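Top line first, the protein sequences correspond to chains A and B. In the numbering used here, each number is its position in the first sequence, counted from 1, plus 23. In the numbering used here, each number is its position in the second sequence, counted from 1, plus 16.
The hints are simulated quantities; they were obtained by calculation from the structure and are not laboratory data. Bear in mind that the values here come from a model prediction, so they are computed numbers and not experimental data. Some clues are possibly wrong.
Claimed, not checked - Capping the alpha-carbon separation at 25 Å, the derived lysine to any residue pairs in SDA-like fashion look like this: (1) A:LYS317 with B:VAL42; (2) B:LYS50 with A:SER394; (3) B:LYS50 with A:THR401; (4) A:LYS325 with B:THR39; (5) B:LYS50 with A:GLN392; (6) B:LYS50 with A:THR431; (7) A:LYS94 with A:PRO72; (8) B:LYS50 with A:LYS325; (9) A:LYS325 with B:SER40; (10) A:LYS206 with A:THR280; (11) B:LYS50 with A:LEU427; (12) B:LYS50 with A:THR424; (13) B:LYS50 with A:ASP428; (14) A:LYS317 with B:ASN43; (15) B:LYS50 with A:ILE430; (16) B:LYS50 with A:ILE407; (17) B:LYS50 with A:GLN411; (18) A:LYS317 with B:ASP41; (19) B:LYS50 with A:GLY399; (20) A:LYS325 with B:LEU44; (21) A:LYS325 with B:ASN43; (22) A:LYS317 with B:THR45; (23) B:LYS50 with A:THR390; (24) B:LYS50 with A:LYS206; (25) B:LYS50 with A:LYS94; (26) A:LYS317 with B:LEU44; (27) B:LYS50 with A:VAL398; (28) A:LYS325 with B:THR37; (29) B:LYS50 with A:PRO426; (30) A:LYS317 with A:ILE430; (31) B:LYS50 with A:SER409; (32) A:LYS325 with B:VAL42; (33) A:LYS317 with B:SER40; (34) B:LYS50 with A:ILE396; (35) A:LYS325 with B:VAL38; (36) B:LYS50 with A:ILE406.
Said to hold, decoys possible - These stretches of chain A come out as covered by chain B in the derived footprint (C-beta under 8 Å, 3 or more residues): (37) 389-398; (38) 423-430.
Glycine is no exception: its CB is placed at the ideal position from the N, C-alpha and C atoms.
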Amino acid sequence: MRTTNPNAIAFPTQRKSFYGVTRYWQFWSDGINIVYDSSADGVTWTGIPTVVRPSTSGRYFGIHYDATSNKLSYAWGTDGGVDALYYRRGTPSSNGIIMWDQAEQKAMASATGEYKEYPSIAVDSYGYPYIEYSYQANGVYYICVTKSSTNDGTWTTDTSYPVILATVTPNCYPLMLPLTSGKMVAIYGTSGAPIKARECDGAAGWGAEQATASILQDKFDFSAISVGDTAYLVFTKQAPYATQFTTLTYFNPATDTWSSEIAVQTSTAATVAPILAINSETGDLYCFWLGIPKLNHVYYKKYTVATATWDTNPVDWMTDALTANNQINTTFASNGGSIGVTWLTNYAGGGYDIRFSIYSKHLRTITYQSSPIMVGATINGVIIPSGQSVQVDDGSVIQMTVPLDVIT
Amino acid sequence: MTHYVFVGWQDGTTTPSRTITVTSDVNLTALYNKVMRGVVINTSPIALQVTVGGVPVQSGQPFQIDDGATITISVPQEAIFIT
Numbered sequence: 024m025r026t027t028n029p030n031a032i033a034f035p036t037q038r039k040s041f042y043g044v045t046r047y048w049q050f051w052s053d054g055i056n057i058v059y060d061s062s063a064d065g066v067t068w069t070g071i072p073t074v075v076r077p078s079t080s081g082r083y084f085g086i087h088y089d090a091t092s093n094k095l096s097y098a099w100g101t102d103g104g105v106d107a108l109y110y111r112r113g114t115p116s117s118n119g120i121i122m123w124d125q126a127e128q129k130a131m132a133s134a135t136g137e138y139k140e141y142p143s144i145a146v147d148s149y150g151y152p153y154i155e156y157s158y159q160a161n162g163v164y165y166i167c168v169t170k171s172s173t174n175d176g177t178w179t180t181d182t183s184y185p186v187i188l189a190t191v192t193p194n195c196y197p198l199m200l201p202l203t204s205g206k207m208v209a210i211y212g213t214s215g216a217p218i219k220a221r222e223c224d225g226a227a228g229w230g231a232e233q234a235t236a237s238i239l240q241d242k243f244d245f246s247a248i249s250v251g252d253t254a255y256l257v258f259t260k261q262a263p264y265a266t267q268f269t270t271l272t273y274f275n276p277a278t279d280t281w282s283s284e285i286a287v288q289t290s291t292a293a294t295v296a297p298i299l300a301i302n303s304e305t306g307d308l309y310c311f312w313l314g315i316p317k318l319n320h321v322y323y324k325k326y327t328v329a330t331a332t333w334d335t336n337p338v339d340w341m342t343d344a345l346t347a348n349n350q351i352n353t354t355f356a357s358n359g360g361s362i363g364v365t366w367l368t369n370y371a372g373g374g375y376d377i378r379f380s381i382y383s384k385h386l387r388t389i390t391y392q393s394s395p396i397m398v399g400a401t402i403n404g405v406i407i408p409s410g411q412s413v414q415v416d417d418g419s420v421i422q423m424t425v426p427l428d429v430i431t
Numbered sequence: 017m018t019h020y021v022f023v024g025w026q027d028g029t030t031t032p033s034r035t036i037t038v039t040s041d042v043n044l045t046a047l048y049n050k051v052m053r054g055v056v057i058n059t060s061p062i063a064l065q066v067t068v069g070g071v072p073v074q075s076g077q078p079f080q081i082d083d084g085a086t087i088t089i090s091v092p093q094e095a096i097f098i099t
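Let the sequences and hints guide you as you build the complete structure.
Structure, rendered in C-alpha cells:
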C-alpha cells in the first residue's frame, strides 16, 4: 500500500482500519483519494485499492465499523474552508468489496470561510451516526457534534443538532465513541490543555465538560476506545513526557469524572502518539507507540483487565524505518487475538509505504544471541543470526540448535 | 583462524541442541569459549631462549596459543657457553 501523503493514516484519533467479514480492511489517503484495500490474512492484499472519494490527506476522514451490523461508516471534512461535511455508510463483503448503502450524504452544508475539520465518526447502539468535528468560523474555533435522525445510510440532521460542545482556541482534535443504549461520549483535545469529554444520554442532551488531570502535549497525540459504558483514554502529556491512561465511566453525565491517571510509559517524547486497541478475546487493552526509547522501533504494553495493571516493561515488537512517531493506527478491535497495526515508512521511489502488521497474543518472541562471537542458530531448521528475534505460536515446541565448534 | 567451542547456554543448559516449549517470550544466549593449545618448546642438551612470533620464550616454559594458529619459532643457530 502506497501514498504520497505523509498523514495518509493519521491520526490515532481517527481510525482507518478494522477487521470484519473474515478480512482486514485498511483505509488511507493515497494523496488524491480515500482508498481502501483488504486482506484475508493481513499479509497478502489485493494490491488494487478501491477509490472511495477525493481526499488529499488522511486527516480529513475517520471511519467507524460496527461488527454486529457489519456496517462501515466514514465522515469526511477538510480545513479547506469551503467544503461540506460528508457521511457514507456501506456493507463490507467477504470478497473484499464494500457495497455502499446510499450515495454519499452531506451531513453539513458548506459555507465560505467555515472549516469542518478532523471528523471522528461513531454510531450509537441503535445505528444512528454521530460526527464530532472541529469547526472554525470567522477565526473562532469550536468543537461540535452532529447527528442523523436516520439510521439507514441516509443523513437527515437531527433537529437537536448540531451542538457546540465547547469553544476552544486553537482548534481541537475530536474523538467520538459509542457507549450502551444510545449513549455517547465526545472527547476532544487541543495542544497545551487537558483533554476534555462530554457524555450524552442519547436523549436529553450533553453532560458537563470533564477534564483530565494532565495536559495534552499535541492535539493529535491521544486515542480512546469504549467498552460498555467506559471510555479508555491514552495520551501524551506535557513534559516530563509520558503516556497517561485514564478512564471515564458513564453514571451521571453531570458529575462523572476521569479516573486517576496511570503512567503507562514514562520518558517518552512530544512526538509520540499512542493508540489503544482491544483484544476481543480477553478484553485486555493494548497501547502501541512508535520510536521511543529506540528510534524506528514499534512498542506495545498490555493492560490486563482482570488485574487493572499495565505491563511493567514495553515489548519491543518490531523495527522499521518509520517516517514519524505519530503516524500509527490500529484496528478497532482484534480478530480473535490478532490486532492490525499500521505505520508509515519512506518509499525509495518517492512517497510512503503503508505497513500493516498483525500483533497476535498467540505469538511468542524468541530472542537469540551468542557470546562472545556471532554464531547463527537453527530454530526448527531455519537459521537465524545472533541478535535476531523470531515469533512462534504460543505453546509450540521448538528444536533449537547451535554448532558445537566454530572456526572463524 | 580461531577456534571456538560451545560451552553452554546462559540458563545452564549444556547441550548445543535443545527442545523448548514456548509459553512466554524468551531470551537465549549461547556461550562460546576460544579453544587454546598448550605449547612447550625444549632445546637440548641445554635450555635456550627461543622466539615465537618474535616474542622471547624460555625453553621448557609452557605457553598457550589459539587452536589452529600458525606460529613461527626461531632458535639460535649457535650457542656459546663460557664456563
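Hint by hint, here is what the structure shows:
1. A:LYS317 with B:VAL42: Measuring from Cα to Cα gives roughly 20 Å; hence the hint holds.
2. B:LYS50 with A:SER394: 11 Å, holds
3. B:LYS50 with A:THR401: 21 Å, holds
4. A:LYS325 with B:THR39: 17 Å, holds
5. B:LYS50 with A:GLN392: 17 Å, holds
6. B:LYS50 with A:THR431: 10 Å, holds
7. A:LYS94 with A:PRO72: 19 Å, holds
8. B:LYS50 with A:LYS325: Answer violated: B:LYS50 to A:LYS325 is near 42 Å, above 25 Å.
9. A:LYS325 with B:SER40: 14 Å, holds
10. A:LYS206 with A:THR280: 16 Å, holds
11. B:LYS50 with A:LEU427: Holds. B:LYS50 to A:LEU427 sits at ~12 Å (cutoff 25 Å).
12. B:LYS50 with A:THR424: OK: B:LYS50 and A:THR424 at ~19 Å, within 25 Å.
13. B:LYS50 with A:ASP428: 10 Å, holds
14. A:LYS317 with B:ASN43: Between A:LYS317 and B:ASN43 the Cα gap is close to 19 Å, so the pair holds against 25 Å.
15. B:LYS50 with A:ILE430: 10 Å, holds
16. B:LYS50 with A:ILE407: 22 Å, holds
17. B:LYS50 with A:GLN411: With a Cα-Cα distance of about 23 Å, the restraint between B:LYS50 and A:GLN411 holds, given a limit of 25 Å.
18. A:LYS317 with B:ASP41: 20 Å, holds
19. B:LYS50 with A:GLY399: 17 Å, holds
20. A:LYS325 with B:LEU44: 23 Å, holds
21. A:LYS325 with B:ASN43: 20 Å, holds
22. A:LYS317 with B:THR45: 22 Å, holds
23. B:LYS50 with A:THR390: Holds, at roughly 24 Å.
24. B:LYS50 with A:LYS206: Given pair B:LYS50, A:LYS206 is violated - Cα atoms ~69 Å apart, limit 25 Å.
25. B:LYS50 with A:LYS94: Violated, because 64 Å separates the two Cα atoms, which is more than 25 Å.
26. A:LYS317 with B:LEU44: Since the Cα atoms of A:LYS317 and B:LEU44 sit roughly 22 Å apart, the hinted pair holds (cutoff 25 Å).
27. B:LYS50 with A:VAL398: 13 Å, holds
28. A:LYS325 with B:THR37: 23 Å, holds
29. B:LYS50 with A:PRO426: 14 Å, holds
30. A:LYS317 with A:ILE430: Distance of about 34 Å is beyond 25 Å: violated.
31. B:LYS50 with A:SER409: 17 Å, holds
32. A:LYS325 with B:VAL42: 17 Å, holds
33. A:LYS317 with B:SER40: 23 Å, holds
34. B:LYS50 with A:ILE396: Satisfied, since the Cα-Cα distance of roughly 10 Å is no more than 25 Å.
35. A:LYS325 with B:VAL38: 19 Å, holds
36. B:LYS50 with A:ILE406: 23 Å, holds
37. 389-398: holds (count 9)
38. 423-430: holds (count 8)
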